[in-house]
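With these hints in hand, go ahead and build the complete structure from the sequences.
There are 2 protein chains.
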Amino acid sequence: MIYQSTALHFDKQSCHIYVGENLLSQPDVLIPHITGHQVMIVTQDTIAEHYLKPLQALLSDYQCDVITLPQGEQYKTIEQWLKILDALIAHNHERSTTLIALGGGMIGDITGFAAACYQRGTNFIQIPTSLVAQVDAAIGGKTAVNHATGKNKMGVIYQPSCVISDVNFLKTLPEREFIAGLAEVIKYGLVCDATFFVWLEKNMSALLAKENKTLQHAIATCAALKAQVVQQDEKDLGLRHILNLGHTFGHALETANEYQVILHGEAVAIGIALATKLSAELGWLTSKDVTRILQLLAQANLVKTVFDFPSAADFIRTMRQDKKIHAGKLNLILLKSIGVAVKTSQVSEAQLMSFLENEKKRGVISE
Amino acid sequence: MIYQSTALHFDKQSCHIYVGENLLSQPDVLIPHITGHQVMIVTQDTIAEHYLKPLQALLSDYQCDVITLPQGEQYKTIEQWLKILDALIAHNHERSTTLIALGGGMIGDITGFAAACYQRGTNFIQIPTSLVAQVDAAIGGKTAVNHATGKNKMGVIYQPSCVISDVNFLKTLPEREFIAGLAEVIKYGLVCDATFFVWLEKNMSALLAKENKTLQHAIATCAALKAQVVQQDEKDLGLRHILNLGHTFGHALETANEYQVILHGEAVAIGIALATKLSAELGWLTSKDVTRILQLLAQANLVKTVFDFPSAADFIRTMRQDKKIHAGKLNLILLKSIGVAVKTSQVSEAQLMSFLENEKKRGVISE
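From first to last, the protein sequence lines stand for chains A and B.
This note's numbering puts the first residue of the first sequence at 8, with every later residue one more than the last.
This note's numbering puts the first residue of the second sequence at 8, with every later residue one more than the last.
Since the hints were made in silico from the structure, they are not lab data.
Each hint should be verified, as a subset may be incorrect.
Result set (DSS-like, lysine-lysine): computed pairs, CA atoms no more than 25 Å apart in a straight line [claimed, not checked]: (1) LYS60(B) x LYS217(B); (2) LYS350(B) x LYS242(B); (3) LYS19(A) x LYS242(B); (4) LYS295(B) x LYS368(B); (5) LYS19(B) x LYS242(A); (6) LYS330(B) x LYS90(A); (7) LYS330(A) x LYS350(A); (8) LYS350(A) x LYS19(B); (9) LYS158(B) x LYS90(A); (10) LYS343(B) x LYS90(A); (11) LYS343(A) x LYS367(A); (12) LYS19(A) x LYS350(B); (13) LYS178(B) x LYS60(B); (14) LYS158(A) x LYS90(B); (15) LYS367(B) x LYS330(B); (16) LYS19(B) x LYS19(A); (17) LYS368(A) x LYS331(A); (18) LYS343(B) x LYS367(B); (19) LYS209(A) x LYS178(A); (20) LYS90(A) x LYS160(B); (21) LYS158(A) x LYS209(A); (22) LYS368(B) x LYS19(A); (23) LYS330(A) x LYS90(B).
Shown next, in the form of structure tokens:
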């Protein structure tokens with residue numbers, strides 16, 4: 008059942024986003040987006056176990072090959088990307104082939120990058136199986152692999168021809184990953200839709216219970232909001248930066264902690280809490296707004312993980328590496344109000360330093 | 008001195024093509040196309056020897072790094088591409104950096120692919136130093152690296168912000184490479200401009216003498232013709248295929264011979280001769296046209312190299328691998344007249360086989 012179908016329009020291409028349930032049992036969702044007679048599915052063992060067979064059954068009329076990558080962001084590398092390209096060549100895939108990413112953000116990023124580069128670009132379909140990927144990573148065409156020196160150093164912007172987000176996929180997702188995905192969901196309300204934020208306040212327990220209609224509304228809303236932003240700034244040159252709310256601080260937390268100690272979404276949640284409190288310090292958010300935001304994060308069981316909170320100096324260092332501080336100028340995404348994010352250079356490095364030192368002392372999620 | 012400046016317009020981007028002489032001594036040609044404060048020049052020893060210093064002098068106000076790749080198409084690999092990306096990371100290049108390809112087609116292809124993939128796309132400038140690159144490879148945004156199993160298996164379409172073609176670069180080009188480039192020049196006349204073909208008939212000796220004004224007219228005309236075609240079919244989905252006149256047959260010749268035994272342009276010249284004679288067999292070209300074409304190729308000192316002419320069966324096998332024969336259907340670029348190329352599936356495999364067997368017997372360039 009399709010709950011919502013959205014179309015993003017780019018210069019010469021459209022991307023159709025389907026949100027619903029049991030979408031792999033409906034051939035008319037996937038099949039019209041397959042252009043040639045060949046398909047390469049890129050997936051992971053834990054995902055394949057649940058969803059590979061139904062997908063293959065749907066594709067019985069095509070030459071359908073499968074490549075399984077090892078699990079984890081640490082394998083989002085050039086080596087694994089080359090494996091996909093080698094497999095395409097080994098199985099004689101033509102330029103008209105379709106690559107299908109069946110998995111979370113890591114699978115989507117690396118598969119999209121392979122699709123963009125094989126014979127100067129093949130058809131590409133995203134079937135995201137994690138909440139983060141359904142609401143964020145799978146939409147907008149950012150593809151990438153990591154480098155020893157940093158995340159997403161190589162990649163291109165390459166749009167999938169469709170994104171198929173089935174809420175039932177989330178039923179097999181580890182609970183902690185589901186929760187982490189809620190940070191991105193809350194982000195959309197904060198950044199660009201106050202009505203959605205209010206809806207989240209009312210429906211968080213139904214979301215946590217993975218009630219299908221609630222999940223579908225949340226994912227469809229986030230997908231439509233992201234689609235709006237991405238269509239206005241496909242190349243990530245300006246407006247799209249507002250979607251990084253919480254991510255700059257979040258990245259410093261990820262850098263300070265070992266892989267898997269803190270998940271991306273968990274780090275983003277703390278980052279959102281910090282951005283919220285800093286926005287309040289500037290007088291942009293009322294203390295009531297701050298309370299609502301921190302309460303919603305807490306209600307989603309976010310901001311609870313035990314992790315290393317970096318020193319203010321470490322925060323500043325990562326931000327400098329990320330070019331969020333450049334030639335003494337800060338670039339931060341903060342909140343003017345619930346539903347309105349802005350990019351600002353109004354905070355000085357000294358002000359940020361003292362804010363972060365205080366936060367480290369008092370514990371980030373205290374109100 | 009700028010002889011001609013052409014602008015190609017794509018969806019969200021323009022590409023300016025400058026043809027002239029002593030263009031590196033004019034800061035107002037290159038500098039306006041550099042966006043950030045960093046530049047990475049990708050080049051080869053034999054080119055660097057002549058042109059690196061003047062280019063670096065022009066860029067003294069920028070962080071200017073240089074990476075030198077080994078010479079030859081056999082190094083257009085993922086490994087060398089990774090070297091460029093590693094160098095960008097090692098020298099802390101930001102997304103605002105500019106990559107400059109200073110060299111022939113191989114340098115342009117691999118540098119463009121690196122520029123497209125570094126941090127999801129940086130600014131990219133082509134300074135082609137070979138005739139093939141100035142009239143063909145540097146224009147249109149095709150980037151690529153080779154794979155052990157075939158040429159250009161990986162790559163993207165990525166437009167340079169400008170192409171700077173200085174005819175004086177051709178003065179240091181090995182004579183054989185210059186001659187090979189003339190095959191592509193003749194191709195443009197045959198494919199889409201009968202007037203230019205007539206001009207070439209009159210001016211071939213001045214071209215061979217590398218007379219500056221003649222070179223500039225030839226290169227500027229080819230660049231403008233390619234620009235017209237590419238603007239109508241950037242993604243190489245249809246119209247752009249006509250630019251492959253002679254290339255399908257040429258590729259079979261390249262495959263049958265060791266690297267450097269036959270140069271790309273030399274193979275294309277024989278391919279053009281074959282396409283010409285096959286077009287005549289279909290009754291599309293008069294015997295007078297055939298004579299004119301073969302004479303122009305001979306006047307350019309093309310079609311003279313000693314090499315292995317493959318058997319008809321080998322030709323057919325390579326064409327099948329190149330997908331020029333698919334499910335029994337042939338796709339050939341042939342000539343309706345001088346100045347008009349078409350893509351046709353009118354020739355049967357049997358007809359092609361007997362044509363190629365005859366050509367092998369009588370020697371390709373006999374009239």
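Sort out whether LYS90(B) lies within 25 Å of LYS158(A), counting only the CA atoms. 18 Å, holds
Verify the proposed pairing of LYS368(A) with LYS331(A), using a straight-line Cα cut of 25 Å. 24 Å, holds
Is the Cα-Cα distance between LYS158(A) and LYS209(A) 25 Å or less? 36 Å, violated
Just to be careful, I want the Cα atoms of LYS350(B) and LYS242(B) compared with a cutoff of 25 Å; is the pair within it? 17 Å, holds
Going straight from one Cα to the other, do LYS178(B) and LYS60(B) come out at no more than 25 Å? 17 Å, holds
Need the status of pair LYS19(A), LYS242(B): alpha-carbon distance at most 25 Å? OK: LYS19(A) and LYS242(B) at ~10 Å, within 25 Å.
Take the C-alpha atoms of LYS330(A) and LYS90(B), compute the straight-line distance between them, and say whether it is at most 25 Å. This hinted pair holds, its Cα atoms lying about 23 Å apart.
Within a Cα-Cα threshold of 25 Å, do LYS367(B) and LYS330(B) meet the stated pairing? 23 Å, holds
Holds or violated: LYS343(B) and LYS90(A), Cα atoms, limit 25 Å. Outside the cut-off at roughly 44 Å; violated.
Pair hint outcome, LYS60(B) versus LYS217(B) [Cα-Cα no greater than 25 Å]: 24 Å, holds
25 Å Cα cutoff - pair LYS330(A), LYS350(A): Status holds; Cα separation ~14 Å.
Tell me if the straight-line CA distance from LYS19(B) to LYS19(A) falls inside 25 Å. This hinted pair holds, its Cα atoms lying about 11 Å apart.
Against the hints set out earlier in the document, violations occur for numbers 10, 21, 22.
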